[in-house]
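Guided by the hints, dock chains S and V onto chain D, whose structure is given.
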Amino acid sequence: GQEVADTTNTETSNSEYKNLIVTQENKITTITLNRPTRKNALTVEMYEEIIVALNTAAKDSSTIAVITGTGDYYCSGNDLENFKNINPSNMNQIATDSGDLLRRYVSAYIDFPKPLIAAINGPAIGVSVTVLGLFDVVFASDNATFSTPFSSLGQSPEGCASYTFPKIMGHAKACEMIMFNKKIDAQEALSSGLVTKVFPQDSFQTSVASALKEIVDLPAKSLLYSKALMRGPELEQLHKTNIAECDRLIERWQSDDCANAIMKFFAGKEKH
Amino acid sequence: GQEVADTTNTETSNSEYKNLIVTQENKITTITLNRPTRKNALTVEMYEEIIVALNTAAKDSSTIAVITGTGDYYCSGNDLENFKNINPSNMNQIATDSGDLLRRYVSAYIDFPKPLIAAINGPAIGVSVTVLGLFDVVFASDNATFSTPFSSLGQSPEGCASYTFPKIMGHAKACEMIMFNKKIDAQEALSSGLVTKVFPQDSFQTSVASALKEIVDLPAKSLLYSKALMRGPELEQLHKTNIAECDRLIERWQSDDCANAIMKFFAGKEKH
Amino acid sequence: GQEVADTTNTETSNSEYKNLIVTQENKITTITLNRPTRKNALTVEMYEEIIVALNTAAKDSSTIAVITGTGDYYCSGNDLENFKNINPSNMNQIATDSGDLLRRYVSAYIDFPKPLIAAINGPAIGVSVTVLGLFDVVFASDNATFSTPFSSLGQSPEGCASYTFPKIMGHAKACEMIMFNKKIDAQEALSSGLVTKVFPQDSFQTSVASALKEIVDLPAKSLLYSKALMRGPELEQLHKTNIAECDRLIERWQSDDCANAIMKFFAGKEKH
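These protein sequence lines are chains D, S and V, in that order. So in the numbering used here the end of the first sequence lands on 272, straight run, no missing numbers. So in the numbering used here the end of the second sequence lands on 272, straight run, no missing numbers. So in the numbering used here the end of the third sequence lands on 272, straight run, no missing numbers.
Hints are not guaranteed to be accurate.
Intra- or inter-copy, both count: the list cannot distinguish identical chains.
[As the list claims (entries may be wrong)] Lysine-lysine pairs mimicking DSS-like chemistry, simulated, CA-CA at most 30 Å apart:
{"id": "1", "residue 1": "Lys240", "residue 2": "Lys167"}
{"id": "2", "residue 1": "Lys27", "residue 2": "Lys59"}
{"id": "3", "residue 1": "Lys221", "residue 2": "Lys183"}
{"id": "4", "residue 1": "Lys114", "residue 2": "Lys27"}
Keep in mind the hints are simulated off the structure, nothing from the lab.
Just chain D, with the same shape it has in the complex (with noise of 0.2 Å):
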């Protein structure tokens, strides 16, 4: 049938982000991740562009958000080019303003009112996958990968993982992927709960723009309300959860095991 000519069907892309392609189009919200020379790595500057972003489309005419990445990585996770160059005197400081930048991080997810849609291109390392949880709908393509090897870096997990993942998986399933480092691929995601829909590669980004039709054709309100009554209930409980653990982070950052790992890890690339 034909439609009324819609005044939100205009694309606006918002130019005061650097890291990020930012675009909103038939009341979708997409925050691109788009770094890919460094296959989306994030910068301490993108997750204050992430925050900015998603306050701001929780607040705008869409009736959801999507988070994707160019190029063949979704997201590397952070960049642990965050780590170099710090001065031993001031560790603590940079200790602490990593939490608190992680903790409004998380927060910005847990926070978040609409329909959040993850659409995951390729490989996801930490961060990206441990937020996966807070999302409602994970689209991956099939050779997406998920990894957050925490332990093996002397970290511990965020993104509210201690809490979502037991919950999606089971106990014994989340303990492989976030105490054990285990790198499931995109079937894994799907059969474990963590994943909604994998689509083939070369098709992937014309799946996800036809299943995202059909949401936002849904009424926005009924939308906003059933999250609203499904996360209800466990908000107070993921904010304490991110507090923990970013607390926790704090301590481990300033660990030998996390410098030993750090170390090892740009030594490794400097051979290369």
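Below, chains S and V without anything else, positioned relative to chain D:
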């Protein structure tokens, strides 16, 4: 082997119900939705009758209670005729009364102390699906389907599904059903944990009867106390969820979203 | 590669245990149930020994603890001989003491701070299955089975299964096991989320040893703190559940349901 005649073996049928057949036989109280010409859609009167039947079964001499349906459908959900011919001037009163009825209806499931078993003989829709998370066993015929198209009707979940579904199948899969109207078949319901066991349609009744016989031969008190141990810690949350869901529906039923969806539904029906 | 000799590499075995073999080697404390002629059924003495072994392992220099069994069985559960020759005049005292012992036993699992790993070398029954929800990793031989026939013995769940099992596998599947005595095999336990990984029986020991080696090479503190983050928010509920389950069993053990079931059990054994 030969068995001694048992006075509890006498089937009794209660004629006080207009839309249900309620029998008590061999320590099993069976509540059968009996409005097959309307696919067992629930009228206001049926909600009240089921509340009475559950409260009665909670106190009778049976060990378990079973809910099933006559005809091709298990239950097509809330009868949308309930929404018809509503005078806009008392819309608020009707919505409030309906919310109160729904709250009492779902409470009867939450508080049912004995093992509660569903025998899903065919398609199940809406509130007949959402309350399944409050059952202890769900047997399904292989032609059963499960759909909860709330948001397409401008509504929001009830039956405590906003709490039980994420707990059973994880948040992402729960969203597919209760936010995005995904209809699943018996095998999908089995693998998502909503259904206990699937039987072929042509032997469904005898398979269920045989499975029930095994259950009722177990010590009644062990079943009662095991259920109390499992449900006890979440009873308070279930009642809170029930109240929040009904409060939201009272608002939704009076919304334009809902009015438009119901009008479309009846317009569609009148064309055919 | 060649490795520097490690003093923690010396196997030590503790001779203070009569029914267990407890060794510490390569940062792994292994607690082996060693009563193979009785299928590693747990006597009152063994419950006490396992509490001591777990409390000791919690404080020793190991990174992880592993529980396994000698012979064909992992563990056949509570030794029903514990119920034999009980003088009815002090039945209440014995039930109360047994409930207290069970509560302390399960608490030792709840409070164990390091990664706790089960290596299920064969059939597992009763309390050896229910506590599995308190482990962090469960490796199973492909000939392992899992059964918790409480209600057929007039009893009710323990080991926090009434809380952990619904969380792991959903309420309906949990009921099948802990209310309706369903015995599941290793593959079913894997797909229900109770088991982490299944290995073929003939290479079970070497497969487990190799998987453990990967785990113990990870930073010990990251494992400890990750587990604390995951379990922390539910510790209070786990202890509450443990107390409620033990209180119920103190009543159940003195019930006619239980007396009749135990008498049948021994009558059946004496016939064969």
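Sort out which numbered hints this structure fails and list those numbers smallest first. Checked against the structure, no hint fails, so every one of them is satisfied.
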